[in-house]
Amino acid sequence: MEYPEDILAVHASSCGDSLEEEAAKGEDMEKSTGGEIKSLDDIIQAIQDAVVTDDVKTFNPLTFNLKAEHGMIEGIETRFFELGTHGRRPMYSLSDLYKGYFRTIGEIVAASLAQGGPALNFLMQWCYHVLCTGSLDIEKLTRSDVGHEYTDLLSSVKVATEVSIKDLTQEILNCGYTGHICCEKKDEIIRAIVLHGNLRLLPMLLQIREGLTLYGLSDIMAKYPDICTPLFVPGLEMKADADFILSVCKAQFSEAGSNKEQVEQTIMTHLQDFLQELEQDEADSGLHLAGCPSLSPRAFLQWITGQGHVPVLQKEKRRFKVNIKFNHDC
1 MEYPEDILAV
11 HASSCGDSLE
21 EEAAKGEDME
31 KSTGGEIKSL
41 DDIIQAIQDA
51 VVTDDVKTFN
61 PLTFNLKAEH
71 GMIEGIETRF
81 FELGTHGRRP
91 MYSLSDLYKG
101 YFRTIGEIVA
111 ASLAQGGPAL
121 NFLMQWCYHV
131 LCTGSLDIEK
141 LTRSDVGHEY
151 TDLLSSVKVA
161 TEVSIKDLTQ
171 EILNCGYTGH
181 ICCEKKDEII
191 RAIVLHGNLR
201 LLPMLLQIRE
211 GLTLYGLSDI
221 MAKYPDICTP
231 LFVPGLEMKA
241 DADFILSVCK
251 AQFSEAGSNK
261 EQVEQTIMTH
271 LQDFLQELEQ
281 DEADSGLHLA
291 GCPSLSPRAF
301 LQWITGQGHV
311 PVLQKEKRRF
321 KVNIKFNHDC
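In terms of my numbering, the sequence shown has 28 at position 28, counting the first letter as 1, and numbering is strictly consecutive.
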C-alpha cells in the first residue's frame, strides 16, 4: 500500500522524532555514558545524572531513602548468595526467582550507587561477566566456579575407576551428560557437571541484570566493564585489613592527661593488637584462601558496620568512619 507524500509528512511530524531531537538524544547519552568516563566516580556521576533525567521524564519517579545501606548489602549477601572459592554466586531458588526478588536486588544496587552507597562487592568473576554481557562464557568456567553441592561429584569422577564410575551414572546423567560414561570421557563429564552447575543460575543473574537497567546502570556496565569491576568483584585492594580498620576508627578520648584517657589509650592498643592477631591467624590458618569469614579483620568490620570490604568510591571512603566512645561506668 502506498501513501501520498503529504500524508507521510503529517504522520512523521506528529509521531516521529525530528533529526534535531534524535541528535539531542545522542548528545545526552554521550554526556552521561560517553568517553569522559575514566573512573568509578565518573560512573556514579553518570548514574546520578540518569536519576535526574528519569525523575523529569517519569510521572511517578522512584524515590526512597536507604537506611543502614551497609547492613542492607550484608543482608542481601547472606540471604540470596552462597559462598564460593573466589566470591559469591546466587543461590538457586526458583521461588525467589518467581517472586522477582533478584530483580529487586538489581534495582536496590542501582539506587544505592546513585546515592553513593555500596554495591554487591562479593560476586564471582563469571557472575559479573553475565551481568555485563547478558551471556555466559562457558569456555572460561572452571571447577572452582561450581557450588559446593557438586564438589563431591567432581572429586568422585576425577578419581573414579572403570568400575566405580558406573556407580555415578545417575548423578552424571542428572547433570545433562548424554555421552558414554567411562574413564576416557572424564574431561567431558567434568565439563558437563561444571556447565550444569552454573547454567542453572543464569535466570537469577539475568533477573538481577534486568533490575540493573534502573538508571541505565546495566548499559554503563556493558560499556565500561573494567571500570565497574571493583563495584561487584572483590579484589586484593578491597580487602579490609587491620591497618585499614584502625585508620577509620575515630576514638573520642577524654581530657588529655587524665586517668580516663590513659585507660582509653590502653583499650585502643588492645584493639590494635587484637586485629593484628586476627590478621596473622587468618594468614597462618589459610582461612582467607577458603573464603571463611570467621575470626578475621573483615568479619570484625562487617560485624560493626555491616560491610566487610574497603569502600570503593572516594566519596564513600571519606565518610566511612567508625566512631568509638568509651563508657567508664559499665
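Treat the hints with care, since some could be wrong.
Unchecked claim - Simulated restraints on C-beta separations: (1) Lys140 to Gly75: 46 to 54 Å; (2) Trp303 to Ile227: 29 to 37 Å; (3) Ala222 to Glu255: 53 to 61 Å; (4) Ala222 to Val322: 33 to 41 Å; (5) Gly134 to Asn327: 49 to 57 Å; (6) Lys158 to Gln115: 33 to 41 Å; (7) Glu184 to Ser247: 55 to 63 Å; (8) Asp42 to Ser247: 19 to 27 Å.
In case anyone wonders, no lab produced these hints; they're calculated from the structure.
Predicted model only: the values in this text are computed from it and were never measured.
Virtual Cβ for every residue (Gly too), placed ideally from N, Cα, C.
Can you tell me whether the CB distance of Trp303 to Ile227 sits inside 29 to 37 Å?
Holds, at about 31 Å.
Consistency of beta-carbon spacing, Glu255 to Ala222, with hint 53 to 61 Å
56 Å, holds
Within 33 to 41 Å: is that where the Cβ-Cβ distance between Ala222 and Val322 falls?
Given range 33 to 41 Å: holds, Cβ gap about 36 Å.
Cβ separation of Gly134 and Asn327, checked against the hinted range 49 to 57 Å:
52 Å, holds
If I claimed the Cβ atoms of Lys140 and Gly75 lie 46 to 54 Å apart, would that claim hold in this structure?
Cβ of Lys140 to Cβ of Gly75: about 30 Å, so the range 46 to 54 Å is violated.
C-beta pair Lys158, Gln115: status relative to the range 33 to 41 Å that was hinted:
Cβ of Lys158 to Cβ of Gln115: about 47 Å, so the range 33 to 41 Å is violated.
Per the hint of 55 to 63 Å, is the separation of the Cβ atoms of Glu184 and Ser247 within bounds?
At 56 Å between Cβs, range holds.
Holds or violated: 19 to 27 Å for the Cβ distance of Asp42 and Ser247?
Because 26 Å falls inside the window, the suggested range holds.
Hints 1, 6 from the earlier list are contradicted by this structure; the remaining hints agree with it.
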